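Asker: Protein sequences appear in the order of chains A and B. Here the numbering used here = 1-based position in the first sequence + 23. Here the numbering used here = 1-based position in the second sequence + 1379.
Possibly wrong hints are sitting among the right ones.
[To be verified] Restraint ranges, calculated between C-beta atoms of paired labels, are given here: (1) B:ALA1431 - A:GLY61: 30 to 36 Å; (2) B:SER1495 - A:ASP170: 40 to 46 Å; (3) A:ALA250 - B:ALA1434: 34 to 40 Å; (4) A:ASN165 - B:ASP1423: 54 to 60 Å; (5) A:VAL140 - B:LYS1515: 47 to 53 Å; (6) B:SER1495 - A:ASP66: 54 to 60 Å; (7) B:LYS1500 - A:THR183: 34 to 40 Å; (8) A:GLY61 - B:LYS1500: 31 to 37 Å; (9) B:THR1546 - A:PRO218: 55 to 61 Å; (10) B:MET1445 - A:THR183: 42 to 48 Å; (11) B:ALA1434 - A:VAL201: 55 to 61 Å.
Hints were generated in silico from the structure; no laboratory data involved. Computed from a prediction, not measured in an experiment: that's the story for all the values here. Think of the CB as a built atom: it goes at the ideal place given N, C-alpha and C, for glycine as much as any other residue.
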Amino acid sequence: MAIVVITLALALATPLSANANGQCPDVLAQTTGCPSVGGGVHDGGVQLDGSITTPGSPGRGFGGRGSTETGGENASVTTPVPCAQCGSLRDGYHVTPNPANAVSAVTLRDLVNFKPVVGIDNMEPNGWMVVGLHTNFYATVNVQAQDGQLLARPASVQFTPVRYHWAYGDRTSASLAVMGNSWAAQGIKEFDATPTSHIYTAAGTYNIDLVMEFSAQYRFADGPWTAIVGTIPVQANRLVATAGDAKTVLVERDCSKRPSGPGC
Amino acid sequence: MWNIPRLSLVALAAALALSGCVPSGPLVTPAPEPSSTPIFATEDEALAAATAAYAAYVKMSDQIFMEGGANPERLGSVATGEQLKTNLEGFREAAKKRYRSTGGTAFDKVALQALSVDSPKGAGIVVVYLCEDVTKVDVLDDQGVSVVSATRPNRSGYEATFNWSSTSPTRLLLASKEPWSDLNC
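Required output: the full structure, derived from the provided sequences and hints.
Answerer: Right, here's the structure in full:
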């Protein structure tokens, strides 16, 4: 079974639009056909999978079967067109012809992958902490909309950070729903407690890791946003920082000139 | 002690008089109100009604597109709800692009999926699966050049949902029509 990859240049310069709620206007069905599109979490990102099936020669394929063949509950199958032979090729359409039988179905399949942009984790003070005092950790990440093409139509995925898993390197961790912010942005003093701060109890050097969890939704051809089941964990940068007792901490400036500075 | 019941009776009589419900003359059992819930005697009857309604729908939809999307509101005589809205948008877009169709849409393999005779207000009373065939349909731009995609499936499966309509000659209006992949169309 050969898998042939072809790139189709669609003749339609101005394709008609698919509609919301999975509905497909007649004019679209008659012009390009109604695509079947689904999205799922795949390999650290979101994969959108679109397919259009052409059932071979028109008017064929029914044999002598009666018109009630697919009646009743047996026909209520919601899965998209299966494409077991399509392989996992990307960047183009995937055509699975069956040369032995000219009237068998041909499925055009297109895949497009989106990955969330990795956020950044930050800490205050930057690179060090004082044992017994609050260290303020926070993440910097935005809601991200990414655009692409699926079956020659616009497709977009939006990633939203929903959870922040901090591993503080001292065998403690926290799973937080807020990304946090700097002390200055929150209008509070240095070493104040924040919803995302952490207190180290022993001196030493620590590796701090953050995994951001994203939820995702997609839209296809100006349709509605559709939520994708599952979340995508993304590892952010590692912070390496040293905790010391207040006595041994370097101060930023002369404590007599800036008594409120760190360590004074 | 009997003051209170007597007052109540007076109040009841007054209320009945106000509401015009004072019985006068012999008691008459009221005729049952006509039910708004349609009932198909058999599944075959429902299937036949859905087939007729879909035929009327396809004929009207084709006619509008053949006329370049002119007066799309005509579709309201055969469709309702999301189906009507979706296709009004489609026809307006086609009109803007100066697209028109030729040839007629066909359908077959209509199979009953669900008949809900007691659905509220007759919404979604009949659901069928069917195969639609647009082999004979061509879509042309204003230069008369076909804009049909080489990848257009000529045959597609749909799940079609109908609402009851007392004003429709076919008794059913197409309420939604969603692509359905596994019908071996």
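Asker: Go through the numbered hints given earlier and state which of them the structure violates, listing their numbers in rising order.
Answerer: Number 6 only.
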